[in-house]
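Protein chains: 2
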Amino acid sequence: MKAFAEFELTKEFRDRFQEALDQRDRAFIEESLRDVNPVDITELLYEFNAEESKFTLDILPLDVRAAIIKGLDSDTRKSFLKIYTAAEISQVVNLLDSDDAADLLNELPIKVSEEVLLGIDAELRNQVIDLLRYDENVAGGLMAKELIKVRSHWTVVQCVEEIRKQAEQVEKFYTIFVVDENDKLLGRVSLQDLVISDASKRVADLLEEDVVSVETYMPDTEVAGIMKKYDLEAVPVVNVHGQLVGRITIDDVVDVITEQAEEDRQLMSGITEDVEEDDTVWKNTRARLPWLLIGIFGGMLSARFMGLFEKELVSVTAIAFFVPLIQATGGNVGIQSSSLVVQSLASPGYVDEGLWNRLSKVLFVALLNGFFLSVIVFGGNWLLFGNKQLSFVVSVALFSVVVFASLVGTITPLILDRFGFNPAVASGPFITTINDLLGLTMYFLTVMILL
Amino acid sequence: MKAFAEFELTKEFRDRFQEALDQRDRAFIEESLRDVNPVDITELLYEFNAEESKFTLDILPLDVRAAIIKGLDSDTRKSFLKIYTAAEISQVVNLLDSDDAADLLNELPIKVSEEVLLGIDAELRNQVIDLLRYDENVAGGLMAKELIKVRSHWTVVQCVEEIRKQAEQVEKFYTIFVVDENDKLLGRVSLQDLVISDASKRVADLLEEDVVSVETYMPDTEVAGIMKKYDLEAVPVVNVHGQLVGRITIDDVVDVITEQAEEDRQLMSGITEDVEEDDTVWKNTRARLPWLLIGIFGGMLSARFMGLFEKELVSVTAIAFFVPLIQATGGNVGIQSSSLVVQSLASPGYVDEGLWNRLSKVLFVALLNGFFLSVIVFGGNWLLFGNKQLSFVVSVALFSVVVFASLVGTITPLILDRFGFNPAVASGPFITTINDLLGLTMYFLTVMILL
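Chains as they are written, first to last, in my numbering: chain C, 1 to 451; chain A, 1001 to 1451.
Note that these hints are calculated values from the structure, not bench results.
Please note: incorrect hints may appear among the correct ones.
Stretches of chain C that chain A covers, calculated by requiring three or more beta carbons in the stretch to come under 8 Å of a beta carbon on chain A [unchecked claim]:
1) 107-120
2) 299-307
3) 430-436
Derived lysine to aspartate or glutamate pairs resembling EDC-like cross-links, with alpha carbons at most 16 Å apart [as the list claims (entries may be wrong)]:
4) Lys1229(A) - Glu8(C)
5) Lys228(C) - Glu1262(A)
6) Lys1229(A) - Glu259(C)
7) Lys1082(A) - Glu1052(A)
8) Lys82(C) - Glu114(C)
9) Lys229(C) - Asp1279(A)
10) Lys361(C) - Asp1279(A)
11) Lys1229(A) - Asp251(C)
Calculated from the model, a selection of chain C residues having no Cβ within reach of chain A, i.e. all distances over 12 Å [what the hints assert, rightly or not]:
12) Ser32
13) Glu51
14) Lys54
15) Ile59
16) Glu88
17) His153
18) Cys159
19) Lys165
20) Ser400
Don't be surprised by glycine CBs; every beta carbon is placed ideally from N, CA and C.
Please build the complete structure, drawing on both the sequences and the hints.
Now the structure itself:
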């Protein structure tokens, strides 16, 4: 039994491996990677350039090579496969499941992918051509064609016979799907039911009808939500006629969930999607600049706005002291509010209480928080600065900022969601900038009125 | 076949259901919930109070009742089960898998849980008692005891016989684990191999040895990482002696991944964990206040700090105009940097390049971003305000703030991670506050030196 910890990628091993690559030491490479899980080899290869990686892969058996190429992330694979001929790619694709094959072909230039398609087995080719029709973000783009299906009038023996035949192509199967003569999905039988049942029983007797299925055009995040909610390890995909056309397994959905979380986090932290710390300096710079510019633009607007109150600032300089306090609080409150809305939008089975119910509750929370903070700030400022009147003005402004930033933070993600944008944007620099400006406006309005 | 969309929780249905509950209309409740997936009923019940929910559940068949109670979130279940007697709880627990049973018992007051334990079947009781020993955040706390294990010297026929026997307790099984006479894990055989193999073959011939396993004390997030990395639908859990003691399935791990993402998001947005939009106003207020207070405290420190430069502010009021610009940029840069570090810490197979390599790269990105932003701000300010000298000072300060906030944003999550804290804290209000203060300091230092 191989414990997972057997292969650990250390700096020492990487350096030794680099040496072997430089010396074209095939024996070392073959020896050191024998029995290593392809997933671990994939990670090792991220440390080397394309030529070195290809040299390593060419030494390894074809099935390991296919597993490694399958495991690469999309961007890396795209540039890596440039040094492969179409024939070499076909060899690899032939060993992949239809969904992975379609993903890989999608990344190739159209000319190469046509050539690769010609080089693979006819059955896989047909499956892949069918899958290539779907957008990658819908159920059709996630599904694989490999599945085991049986007809409802068959006996258990016939089933097992068919499974023996089909199992050669289907690497992992969880469920056996039952269809009628028109391929319409009727339900499923479980493998364990087949194993423990009388050989003469009919499939129709073992049929479980309460199967949750998804349609080809359902967005991938919805598929993920359904599989999570109903605790499914595999879900059948049907077309508009109810015919079984593929299946999605939970491991594909785990990737969707992880990507979604990562995308949300990047939106919240103001980084263009798909950049990682180990990308180039230039790519990292480009990914950050646009969002920083939004902040800069807001900052310059703030400066211009404060310029309008130069007279007030000259007469009471201390007004300026509290700008950071007002802005930081507005920003924090806004992010808290939007984050809670994003969370409840994402949670399954959320019953819309109506906008007014929601806002009135948010308002209560904001009034409470605003009250506590204002009292604390009033006391603190009075003690620190001894200016009772200014402390009062700051507290009133703070109270209004908390209330308004809460409402803006709540409404913005709802609007974004309504129009089909990712509501997590509302916790990012864009909204923070708007809240900053809003806070400043409320503060100086209060100053104008009360001071 | 039941399409998932068949049951949609509408406001109309909820109101009609409330009416039925008020009138104790058993017939309507039974009729309307027949054939509805327990997962959907669970969601419906979140809309009603504990007594109403129990009234509904008591009408439903025991297995549906068990599935619904299993599906409740931990907090709700904890308070919901208070109106159940120990005997009633035992009835439900008897129908659960050992891992779910242990989770439920963990939530009960010790006195009740002892009583419930006495009321359940002896075998389940022993399994649950074993599981209760583990912390809920390690592999032992995630695993279930139900699994199918066979000995390596058995034949395929013996295996199938054993599976028939064991399958009664094991609802879903993915893999059949192979152990030696001391229960030491040797590997696995796949059910499809058994189905398609000669009846007289030995398990040892079908044995797949390259099985990834985890040990009972491994943290749940690590288990999730391993299952994701190696694309596993189930992983065996072994104790320190290498003996097979349980198994973890991918659906449990999906929950771990989702919770982790949610926890990260809450830390980033300054909300105490475990609050949801539909919790009470008071709970929502409490969850937000501590983080807002950190911001308030930072704001008051900022005010105090700016007070030290009152003389400079009086002579050139415009200095104050650019405080928001400086602070917003510092905050944004800091969050971007920490978010990238958090992401790379979370990604599997990350090779530590050493702190200095990392920082020198961050420094380059910061220098580039700082340069672009300073040039833009210098031009913009000169145009808008016509004060070349002040524009220059602001740009120099902005440049230093970008560089310093990048470094702080990079180092902080690394330090937090080193000391075992969740590094996502570093993208939250705590660090934003520190960066605000840092930005202000750098700005006024620059003003002092250059103006």
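Status of each hint after checking the structure:
1. Taking a C-beta to C-beta cut-off of 8 Å, the stretch 107-120 of chain C contributes 0 residues in contact with chain A, too few for the three needed, and the coverage statement is violated.
2. Coverage of the stretch 299-307 of chain C by chain A holds [criterion: at least 3 residues with CB-CB distance below 8 Å; count 7].
3. Check on the stretch 430-436 of chain C: 3 of its residues sit with their Cβ under 8 Å from a Cβ of chain A, so the three-residue criterion for coverage holds.
4. With a C-alpha separation of about 14 Å, the suggested pairing of Lys1229(A) with Glu8(C) holds against the 16 Å cut-off.
5. Pair hint Lys228(C) plus Glu1262(A) holds up; C-alpha atoms about 15 Å apart against a cutoff of 16 Å.
6. Among the hinted pairs, Lys1229(A) with Glu259(C) is consistent with the structure: their alpha-carbon atoms are about 14 Å apart, no more than 16 Å.
7. Of the pairs offered as hints, the one joining Lys1082(A) and Glu1052(A) holds, with about 14 Å between alpha carbons and a cut-off of 16 Å not exceeded.
8. Between the alpha carbons of Lys82(C) and Glu114(C) the distance comes to roughly 15 Å, so the proposed pair stays at or under 16 Å and holds.
9. With a C-alpha separation of about 21 Å, the suggested pair Lys229(C) and Asp1279(A) falls outside the 16 Å cut-off, and the hint is violated.
10. Straight-line distance between C-alpha atoms of Lys361(C) and Asp1279(A) comes to about 10 Å, which keeps the hinted pair within the 16 Å bound.
11. Only pairs whose Cα atoms come within 16 Å are accepted, and Lys1229(A) paired with Asp251(C) is accepted, the gap being roughly 10 Å.
12. Annotated as non-interface, Ser32(C) keeps its C-beta farther than 12 Å from every C-beta of chain A; the closest such distance is 17 Å.
13. Under the 12 Å C-beta cut-off, the non-interface status given to Glu51(C) relative to chain A holds; the minimum distance is some 20 Å.
14. With a cut of 12 Å on Cβ distances, Lys54(C) stays outside the contact zone with chain A, its closest approach being about 20 Å.
15. With a minimum CB-CB distance of about 20 Å to chain A, Ile59(C) clears the 12 Å threshold, and the non-interface call stands.
16. Against chain A, the non-interface label of Glu88(C) holds: every CB pair exceeds 12 Å, the least being about 24 Å.
17. The claim that His153(C) is not at the interface with chain A holds, since no C-beta of that chain comes within 12 Å of its own (minimum 16 Å).
18. Residue placement check: Cys159(C) does not keep its beta carbon more than 12 Å from all beta carbons of chain A (closest about 10 Å).
19. The claim that Lys165(C) lies off the interface is violated: its Cβ sits roughly 9 Å from the closest Cβ of chain A, which falls inside the 12 Å cut-off.
20. Distance check on Ser400(C): its Cβ is at least 15 Å (rounded) from any Cβ of chain A, clearing the 12 Å threshold; non-interface status holds.
Consistency with the previously given hints fails for numbers 1, 9, 18 and 19, ordered from lowest to highest.
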